[in-house]
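Chemist: Spelled out from the first residue to the last, the chains are:
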Amino acid sequence: MPSAVNSAAGLFNGFFEWFGSLGIFSWNVLKAAVTPPYEWRELIRQLDEVGSKSLPLVAMAGAAIGVVISLEARYSLSRFGAKSMFPATLVYSVIQVMGPIITGLVVCGRVGAGIGAELASMEVTEQIDAIEACAINPYRLLAATRILACILMLPLLTLGTDACALLTGWFAQTLVEPLSFHQFIQAGFKGATFNSFLPQTFKTGVYGMIIGLIACFQGMRTRGGAEGVGRAATNSVVLGSLFVILADVVLVKFILVVFP
Amino acid sequence: MTTAYDIAMIQGQPEGDDSVPAIAVDNLHKSFGILKVLNGISLSVNRGQTLAVLGRSGTGKSVLLRLIIGIETPDSGSICIHGQDIAGLAIDQMGRIRKRIGFLFQHAALYDSLTIAENVAFPLEHHRRDMPKSERGDRVKQLLAEVGMEGDFKKLPSEISGGMQKRVGLARALALEPEILLLDEPTAGLDPISSGEIDDLILKLQREHQMASVVVTHDLHSARTIADRLTLLSEGEIVIEGTFDDLQHSNIGFVNEFLKQS
Chain G
1 MPSAVNSAAG LFNGFFEWFG SLGIFSWNVL KAAVTPPYEW RELIRQLDEV
51 GSKSLPLVAM AGAAIGVVIS LEARYSLSRF GAKSMFPATL VYSVIQVMGP
101 IITGLVVCGR VGAGIGAELA SMEVTEQIDA IEACAINPYR LLAATRILAC
151 ILMLPLLTLG TDACALLTGW FAQTLVEPLS FHQFIQAGFK GATFNSFLPQ
201 TFKTGVYGMI IGLIACFQGM RTRGGAEGVG RAATNSVVLG SLFVILADVV
251 LVKFILVVFP
Chain F
1001 MTTAYDIAMI QGQPEGDDSV PAIAVDNLHK SFGILKVLNG ISLSVNRGQT
1051 LAVLGRSGTG KSVLLRLIIG IETPDSGSIC IHGQDIAGLA IDQMGRIRKR
1101 IGFLFQHAAL YDSLTIAENV AFPLEHHRRD MPKSERGDRV KQLLAEVGME
1151 GDFKKLPSEI SGGMQKRVGL ARALALEPEI LLLDEPTAGL DPISSGEIDD
1201 LILKLQREHQ MASVVVTHDL HSARTIADRL TLLSEGEIVI EGTFDDLQHS
1251 NIGFVNEFLK QS
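If you're matching them up, the sequences are chains G and F in order. According to our numbering, the first sequence is numbered sequentially starting from 1. According to our numbering, the second sequence is numbered sequentially starting from 1001.
It should be emphasised that the hints constitute simulated quantities derived from the structure, not laboratory data. Using N, Cα and C, we set each Cβ at its ideal position, and we do this for glycine too. One or more of the hints may lead you astray.
Under the rule of at most 20 Å between Cα atoms (straight-line distance), these lysine to aspartate or glutamate pairs were calculated in the DMTMM-like manner [as the list claims (entries may be wrong)]:
id, chain 1, residue 1, chain 2, residue 2
1, F, Lys-1099, G, Glu-126
2, G, Lys-31, F, Asp-1246
3, F, Lys-1099, G, Asp-129
Calculated from the model, a selection of chain F residues having no Cβ within reach of chain G, i.e. all distances over 10 Å [unchecked claim]:
id, residue
4, Ala-1087
5, Arg-1096
6, Asp-1112
7, Pro-1123
8, Asp-1152
9, Pro-1192
10, Ser-1250
11, Ile-1252
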């Protein structure tokens, strides 16, 4: 019994210690990010790394989601005699629900693991210490640039996912029942306002912050050689994905309240 | 509050006061959990002097260097760099002090995604932004030539030997013309010829640049060659400090044993 209590206490302590360390890390990154000198060159490199190199992957994921939603929606809507609702169903489900979360999870897998492993490898080989020894703030050079790149690129990548999903969704529909793209877009966006789509797209900036922050935090606190690097990469993806999904719950409610 | 020292640092003026030790460590304590690593270490190094820190593995030699450059923080005691106590300095304030310190890591710690030339240029790109690119390139070439690595600019660190990596690490440590040089096991893992070359190189650089240096090493021969004074650590405490002759004539059992085994 005492051992069970001890292990529960250990878990409890570990949980709060992790969040405490994350808080201190976030504060250090925030301070470093807002004070000069700014690391523009590294930021541009990271924008390319996070953005343009993730685009093919999110585009493919978007394309697949578009076809799946198209097939499922057409079948379900036909059963209820609501086939005319198909374009709007596809547009709203892609842009409001599937596009942001799929982009978040795909980027978390690619970028989160990449950042986590890269920084962890730098940590265990003393490269981060070497950066500090060169009088360069590693929170500014390594963490702030990566987190900012994730925040800026996620909404743009989401637009890419959405575009590919709508394109393939329309294409899958038109193979069965020809419909011009112009008609599809007109019917899909009928009655839509910016509030219908922009908050859902820009909320992915929060996903980007979560993905970048968790991956940098896990990477820069790594201990223990190759095993530690592997653990950091895995934790970056697992925790990043989990927090993205949890954030989605909060953000959906927030958007419904603020942008009714 | 901005001190005169801060202003001097910001303006990049040399300290110039030789009466103040470049490094002064007083009653330094450091533990990791229940493991006491340093237990009341005190030492000082003046400009142009080289101190070798010897001792068995795990006696806190590398931790001492990491404390001096501020990568680790002490539990108690003080570390003064050119008279400035570094305790409690924010990361950017510490950065101003670090610009005056060159650090060679035990495994060189080169940035593995950058070429050799980019590694050496790294501190210059961040701290000499006003320097024209061509001038920076010339400085990198000069630094690499100084350490005998003029022919391998475009190679990655993984494509060169351990000894060469240490040379490049040394060139990077010298890039900002430091007044203090900290060397962590500069000859560890090298064959005797490469060790001798690194020793000669360190001696040459010390003569040319008149830096205050602390060298952590297991290699007694290397310590004897490059250092003016030696200090021997055991269980986190200084057993003896003095010249090589002082160590040789010591009647402390641990000192005799260490010299006999080295």
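Chemist: Looking back at the hints listed earlier, which ones does the structure fail to meet?
Modeler: Those not satisfied are hints 2, 5, 6, 7.
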